[in-house]
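Asks: First to last, the protein sequences are chains Z and H.
One point on numbering: in our numbering, the residue at position 67 of the first sequence is 67, and numbering is uninterrupted.
One point on numbering: in our numbering, the residue at position 24 of the second sequence is 24, and numbering is uninterrupted.
Hints are computed from structural coordinates only; laboratory data are not their basis.
Just to be clear, a hint being listed does not mean it is correct.
[To be verified] To give an idea of the interface, some chain H residues facing chain Z are shown, with a C-beta separation under 8 Å as derived from the structure:
hint: 1; residue: Tyr34
hint: 2; residue: Gln42
hint: 3; residue: Gly43
hint: 4; residue: His49
hint: 5; residue: Tyr87
hint: 6; residue: Ser91
hint: 7; residue: Tyr96
hint: 8; residue: Leu98
hint: 9; residue: Gly101
[What the hints assert, rightly or not] Dumping the calculated DSS-like pairs for lysine-lysine here, alpha-carbon to alpha-carbon at most 25 Å:
hint: 10; chain 1: H; residue 1: Lys69; chain 2: H; residue 2: Lys52
hint: 11; chain 1: Z; residue 1: Lys70; chain 2: H; residue 2: Lys97
hint: 12; chain 1: H; residue 1: Lys97; chain 2: Z; residue 2: Lys57
hint: 13; chain 1: H; residue 1: Lys97; chain 2: Z; residue 2: Lys71
hint: 14; chain 1: H; residue 1: Lys102; chain 2: Z; residue 2: Lys9
hint: 15; chain 1: H; residue 1: Lys3; chain 2: Z; residue 2: Lys57
hint: 16; chain 1: Z; residue 1: Lys83; chain 2: H; residue 2: Lys102
hint: 17; chain 1: Z; residue 1: Lys57; chain 2: H; residue 2: Lys102
hint: 18; chain 1: H; residue 1: Lys52; chain 2: H; residue 2: Lys3
[To be verified] Have a look at the derived ranges for each label pair, beta carbon to beta carbon:
hint: 19; chain 1: H; residue 1: Asn19; chain 2: Z; residue 2: Gly40; range: 20 to 26 Å
hint: 20; chain 1: Z; residue 1: Ser22; chain 2: H; residue 2: Thr56; range: 35 to 41 Å
hint: 21; chain 1: H; residue 1: Leu80; chain 2: Z; residue 2: Glu62; range: 38 to 44 Å
hint: 22; chain 1: H; residue 1: His77; chain 2: Z; residue 2: Lys70; range: 39 to 45 Å
hint: 23; chain 1: H; residue 1: Met10; chain 2: Z; residue 2: Ala61; range: 32 to 38 Å
hint: 24; chain 1: H; residue 1: Thr79; chain 2: Z; residue 2: Ala61; range: 35 to 41 Å
hint: 25; chain 1: H; residue 1: Thr56; chain 2: Z; residue 2: Lys71; range: 31 to 37 Å
hint: 26; chain 1: H; residue 1: Arg81; chain 2: Z; residue 2: Pro8; range: 21 to 27 Å
hint: 27; chain 1: Z; residue 1: Asn28; chain 2: H; residue 2: Lys69; range: 35 to 41 Å
hint: 28; chain 1: Z; residue 1: Glu69; chain 2: H; residue 2: Leu51; range: 34 to 40 Å
Idealized CB from N, CA, C, for every residue including glycine.
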Amino acid sequence: DGGITQSPKYLFRKEGQNVTLSCEQNLNHDAMYWYRQDPGQGLRLIYYSQIVNDFQKGDIAEGYSVSREKKESFPLTVTSAQKNPTAFYLCASRLAGGRYNEQFFGPGTRLTVL
Amino acid sequence: DAKTTQPPSMDCAEGRAANLPCNHSTISGNEYVYWYRQIHSQGPQYIIHGLKNNETNEMASLIITEDRKSSTLILPHATLRDTAVYYCIVSGGSNYKLTFGKGTLLTVNP
Numbered sequence: 001d002g003g004i005t006q007s008p009k010y011l012f013r014k015e016g017q018n019v020t021l022s023c024e025q026n027l028n029h030d031a032m033y034w035y036r037q038d039p040g041q042g043l044r045l046i047y048y049s050q051i052v053n054d055f056q057k058g059d060i061a062e063g064y065s066v067s068r069e070k071k072e073s074f075p076l077t078v079t080s081a082q083k084n085p086t087a088f089y090l091c092a093s094r095l096a097g098g099r100y101n102e103q104f105f106g107p108g109t110r111l112t113v114l
Numbered sequence: 001d002a003k004t005t006q007p008p009s010m011d012c013a014e015g016r017a018a019n020l021p022c023n024h025s026t027i028s029g030n031e032y033v034y035w036y037r038q039i040h041s042q043g044p045q046y047i048i049h050g051l052k053n054n055e056t057n058e059m060a061s062l063i064i065t066e067d068r069k070s071s072t073l074i075l076p077h078a079t080l081r082d083t084a085v086y087y088c089i090v091s092g093g094s095n096y097k098l099t100f101g102k103g104t105l106l107t108v109n110p
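Here chain Z stands alone, though its shape is the one from the complex (with noise of 0.2 Å):
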């Protein structure tokens, strides 16, 4: 089946640690994006990447940093430097070049740093 996995589900780490988010899919899609969320809000961009080794950051980039080496993979890392990094963190993929916006979501990971 075709579809975005993200791993893992729930992810602990100390404060100080950095931490890499996973997320893969073969849809074949171009375009992956990261996005954050926090308890009763909506979803906020982090990076997005329309093509391979390229990307861009979003709307709240500081503290986070992201490659895009492979076509299918686009892992977020969460530094030190993210003051709040508890939160839920979705990666989602477009297929660039059409002309609607129709992203594809994984199931996410929540992220708990102690």
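With chain Z fixed as given, assemble chain H onto it according to the hints.
Replies: Here is chain H on its own, set in the frame of chain Z:
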């Protein structure tokens, strides 16, 4: 992207139609209206989108007013599994960002 306004919550009886309103009075001519929903603790799911004509698919119908300043998402026969937060988003042109507000929590009651 144009901002949207949605009621924070709505209730609907199982089997009845759920009509979710959205205001987007500053929408521009090349912007589409998108609807997504998010079931608790899951990733959002695309439902439908439209530009100016009404649209229907297997999940829902989208009614856009003639002046495009508001729209309504219709779930014709709501089920308990339709309980979710529904997001109305305006996006278009070369900007492929989706800006999610707080959405409407639809609760379908038995």
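Asks: Is 20 to 26 Å a correct range for the gap between the Cβ atoms of asparagine 19/H and glycine 40/Z?
Replies: Given about 24 Å between the Cβ atoms, the range holds.
Asks: Going straight from one Cα to the other, do lysine 69/H and lysine 52/H come out at no more than 25 Å?
Replies: holds, 10 Å
Asks: Quick check on a hinted range of 39 to 45 Å for histidine 77/H and lysine 70/Z, using CB atoms only.
Replies: holds, 43 Å
Asks: Starting from lysine 57/Z, check that the Cα of lysine 102/H is at most 25 Å away, please.
Replies: With a Cα-Cα distance of about 22 Å, the restraint between lysine 57/Z and lysine 102/H holds, given a limit of 25 Å.
Asks: With a cut-off of 8 Å, does the beta carbon of serine 91/H approach a beta carbon of chain Z closely enough for the hint to hold?
Replies: Holds, about 5 Å.
Asks: Grab the minimum C-beta distance from glycine 43/H to chain Z and call the hint holds if it beats 8 Å, violated otherwise.
Replies: With Cβ-Cβ at 3 Å, under 8 Å, it holds.
Asks: Going by Cβ atoms only, is histidine 49/H closer than 8 Å to chain Z?
Replies: This hint holds: histidine 49/H lies near chain Z, its Cβ roughly 6 Å from the closest one there, short of 8 Å.
Asks: State, for the Cβ atoms of threonine 56/H and lysine 71/Z, whether the hinted interval 31 to 37 Å holds or is violated.
Replies: Because 33 Å falls inside the window, the suggested range holds.
Asks: Are the Cα atoms of lysine 97/H and lysine 71/Z separated by 25 Å or less?
Replies: holds, 19 Å
Asks: Quick check on the hint: glutamine 42/H CB to chain Z CB, less than 8 Å?
Replies: holds, 6 Å
Asks: May I ask you to test the hint 38 to 44 Å on the CB atoms belonging to leucine 80/H and glutamate 62/Z?
Replies: Since leucine 80/H and glutamate 62/Z have Cβ atoms about 40 Å apart, the given range 38 to 44 Å holds.
Asks: Starting from the range 21 to 27 Å, see whether the pair arginine 81/H and proline 8/Z falls in it by beta-carbon distance.
Replies: Hint holds: Cβ distance 26 Å, inside 21 to 27 Å.
Consistency note: the structure conflicts with none of the earlier hints.
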